[in-house]
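Visitor: Numbering (this note's numbering), first residue to last: 8 to 638.
Hints in this document: simulated from the structure, not taken from any laboratory. Don't take each hint at face value.
Taking CB as the label site, the calculated pair distances span [as the list claims (entries may be wrong)]:
| no. | residue 1 | residue 2 | range |
| --- | --- | --- | --- |
| 1 | Pro499 | Gly313 | 25 to 33 Å |
| 2 | Glu464 | Ala309 | 53 to 61 Å |
| 3 | Asp425 | Pro87 | 40 to 48 Å |
Below, computed lysine to any residue pairings styled on SDA-like, alpha-carbon distance capped at 20 Å [as the list claims (entries may be wrong)]:
| no. | residue 1 | residue 2 |
| --- | --- | --- |
| 4 | Lys244 | Asp388 |
| 5 | Lys417 | Asp388 |
| 6 | Lys417 | Pro460 |
| 7 | Lys146 | Thr251 |
| 8 | Lys247 | Asp333 |
| 9 | Lys315 | Asp333 |
| 10 | Lys417 | Asn468 |
| 11 | Lys376 | Ala457 |
| 12 | Lys461 | Leu405 |
| 13 | Lys341 | Asp388 |
| 14 | Lys633 | Leu577 |
| 15 | Lys630 | Gln607 |
| 16 | Lys295 | Tyr353 |
| 17 | Lys565 | His617 |
| 18 | Lys115 | Thr91 |
| 19 | Lys461 | Ser509 |
| 20 | Lys638 | Asp599 |
| 21 | Lys92 | Thr111 |
| 22 | Lys134 | Trp498 |
| 23 | Lys146 | Val343 |
| 24 | Lys633 | Asn561 |
| 25 | Lys630 | Phe616 |
| 26 | Lys134 | Glu390 |
| 27 | Lys247 | Asn155 |
| 28 | Lys341 | Phe105 |
| 29 | Lys638 | Asp626 |
| 30 | Lys341 | Thr154 |
| 31 | Lys417 | Val522 |
Glycine included, every Cβ here is placed at the ideal spot set by N, Cα and C.
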Amino acid sequence: MTRSKLWARIWNTSGIGQPTLGGQDYYKFDYPGKVLGTDLSDHYGMCEWSGYMAWADVNGVGTPFRVCMAYDPNPMYIAPIEDTKLITNYNMEDPSLFAEEILTGANKIVEYGVEMHFRALAWSYPKYDDFIIYEYVFKNTGSHQVTNFRFAPTAEIGIAIPISGGWRDDDDYEWDIEHQAFYFHDGRYWDTDDVPVVEQYGLTQSDLGDPADIGAPASINHEFQSPQYFTYYWLDKPEKSDPTESDHMNIVDKGNLNQQWNRVQDDPMNDNPEVDFDQDSYILASLKYDQAPPLTTEDGTAIPGGRKPHKFERQHDYIYATGPYDLPPGGELKFVMVVACGMMDYSRVAAGGLENEAHLSDGADSLWKNIDAAAELYGRDYECPDPPPTPTNGMNSLTITPLSEDEMMKIQWPPISDSYLDPDYNVNDFAGYRVYRSTFRNVGPWTLVADIPKGQETIENGMVTYENQGALGVGYYYGVTSYDTGHNDPWPSDPTVTNVPSLESGLVNANSEPVYPMAGTSDNLDDVRVYPNPFRQDSQLRGVGEEYRLEFVNIPGKCTIRIYTLAGELVQTIEHDDGSGDVSWGSKTMGDYQVNKFLQYVAPGTYLFHVESHVAGHDGESKIGKFVIIK
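Start from the sequences, fold in the hints, and give me the full structure.
Guide: As structure tokens, then:
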């Protein structure tokens with residue numbers, strides 16, 4: 008699922024993750040989600056794995072169940088019914104489908120004779136793009152009497168997997184008094200209960216939020232890699248067979264629960280089992296246990312009944328349990344839960360530093376605001392005011408072309424149709440486009456570079472066209488949205504909403520890899536330059552993966568560049584024939600900046616370059632120069 012800012016690869020168990028160690032190329036409730044490049048660790052997952060646990064008295068016999076995508080599902084206990092199916096409904100083209108993306112799947116708890124059908128729903132609308140809503144329906148299609156049924160979605164949390172490695176499993180849990188629920192974020196690493204580890208963490212002096220300059224004070228990238236806040240939250244549940252029993256929220260050590268017991272398959276890697284316990288009673292106890300909240304809220308308000316978290320509560324397996332319920336033959340139970348994220352403003356995330364570290368807790372306000380928006384959306388049967396359609400759908404769906412003059416970039420997209428009608432007001436309220444730019448990541452932070460009112464577009468070959476000036480050697484990401492006029496009269500779907508402000512579509516179409524302005528060609532080889540020269544440890548480009556970019560500019564449109572050591576050893580050959588006046592030594596896409604012909608990173612030192620022109624009238628002309636790499 009990739010339509011909202013929260014991305015997930017979901018199996019027909021309803022869980023996320025990969026049934027082996029690793030799985031860097033799987034979206035694990037990534038927030039913000041983005042297309043992966045050559046660095047498969049360059050994304051922000053909230054969980055290593057997720058799944059669900061259950062307990063039921065089946066014909067009077069207590070029977071536990073657990074599925075976790077850390078393990079291959081065991082057909083003795085769980086059977087597939089339907090493969091996952093993704094339905095795309097961008098811009099709510101079919102209003103009856105309720106969401107822009109709907110993913111469905113189903114499985115069967117074999118010992119219960121109970122089927123579990125689920126669907127996950129996502130939207131790109133800016134107010135509703137920070138969460139995924141899950142609907143679970145359990146159907147007793149067998150003949151067993153299923154009573155005392157308990158259900159718990161689980162999350163083996165690691166913020167942020169894999170970009171920071173969920174660094175040292177140092178996540179914290181917090182308690183929100185208003186919502187009576189736990190939530191999670193990255194914390195500080197401690198080696199004992201009370202003594203913080205003393206380490207040098209660069210400019211931030213702390214590992215809170217996992218800044219990218221941990222252990223590297225000279226780094227130019229101070230980005231917080233784990234600024235996210237994450238949780239599960241119930242939106243709807245059926246009536247319990249014992250209404251007096253409250254829900255249970257339990258936090259256990261994920262290694263402990265994985266190793267002690269799993270009814271998916273045995274764990275052959277467990278060489279230190281705790282064998283003196285009853286497996287079934289352990290699962291039931293975990294579903295009925297109430298985790299004590301911390302002593303205070305994140306802002307310091309005392310919590311009655313709280314206790315200080317200990318050092319073994321940093322690797323969280325969250326068991327979000329509800330029950331008991333009766334599920335007789337032919338019966339159904341429906342549960343609705345939101346998986347939500349939040350974080351401080353992304354410009355602060357990218358900047359890092361002490362001042363912005365103090366704003367990491369803004370993520371809690373963002374998280375609960377997003378959960379309240381999900382509750383509002385579900386309470387309206389998924390009805391909400393609709394912005395105009397996104398100009399294009401999906402990353403890399405814009406046409407971005409570097410131009411050879413003045414470092415201009417041409418961004419193009421198809422126009423919104425003149426026949427467009429707002430589905431609520433039945434009028435064409437489209438008002439214009441907005442163009443955003445980032446030099447950091449393809450998820451921002453975004454700077455508005457153009458607001459193009461309707462009727463003032465430039466149309467070229469049937470495409471809306473906007474030109475933006477960049478700077479040589481700097482990579483750019485672009486995104487385009489649309490917006491409407493807003494309405495001063497009541498919203499037709501709910502007249503208690505007396506007006507609807509101007510709405511903007513989601514930003515869903517950024518380029519996944521940076522696009523660079525094109526330098527003009529030159530047939531005067533004395534104009535050739537290497538940038539930066541000298542190369543001092545870093546290119547000074549803040550874009551991820553761009554730290555080793557080094558390029559040749561003012562070159563002929565067709566030429567061969569050879570790079571040598573001072574001893575005359577050939578290091579690399581670059582064939583350039585795209586007609587532009589610049590070329591880099593390698594690319595982010597291939598992950599081969601500054602590598603030699605054996606795909607090894609080169610050593611620091613002084614290098615020679617030889618440029619040979621293949622342009623008609625200048626064929627064979629050449630130039631020798633030198634540049635320095637300092638690491």
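Visitor: Can you confirm whether the C-alpha distance between Lys247 and Asn155 stays at or below 20 Å?
Guide: holds (9 Å)
Visitor: Please verify whether Lys417 and Pro460 have alpha carbons no more than 20 Å apart.
Guide: Distance of about 18 Å is within 20 Å: holds.
Visitor: Given a hint of 40 to 48 Å, does the C-beta separation of Asp425 and Pro87 actually sit inside it?
Guide: Holds - the Cβ-Cβ distance for Asp425 and Pro87, about 47 Å, lies within 40 to 48 Å.
Visitor: Would you mind confirming whether the straight-line C-alpha gap from Lys565 to His617 stays at or under 20 Å?
Guide: holds (14 Å)
Visitor: Given the proposed pairing of Lys134 with Glu390, does the C-alpha separation stay at or below 20 Å?
Guide: holds (13 Å)
Visitor: Regarding the pair Lys247 and Asp333, is the alpha-carbon distance no greater than 20 Å?
Guide: holds (8 Å)
Visitor: Does the alpha-carbon distance linking Lys630 and Phe616 stay inside the 20 Å limit?
Guide: Since the Cα atoms of Lys630 and Phe616 sit roughly 8 Å apart, the hinted pair holds (cutoff 20 Å).
Visitor: Would the pair Lys417 and Asn468 pass a check requiring their Cα atoms to be no farther apart than 20 Å?
Guide: holds (13 Å)
Visitor: Taking 20 Å as the top limit, are the C-alpha atoms of Lys630 and Gln607 close enough?
Guide: It is violated: about 26 Å lies between the C-alpha atoms, which goes past 20 Å.
Visitor: Does Ala457 sit within 20 Å of Lys376, going by the straight-line distance between their CA atoms?
Guide: Not satisfied, since the Cα-Cα distance of roughly 29 Å exceeds 20 Å.
Visitor: Check whether the Cα positions of Lys244 and Asp388 lie no farther apart than 20 Å.
Guide: holds (15 Å)
Visitor: For the pair we were handed, Lys638 and Asp626, check the Cα-Cα distance against 20 Å.
Guide: violated (36 Å)
The structure fails hints 1, 5, 7, 9, 11, 15, 16, 29 (numbered hints given earlier, in ascending order).
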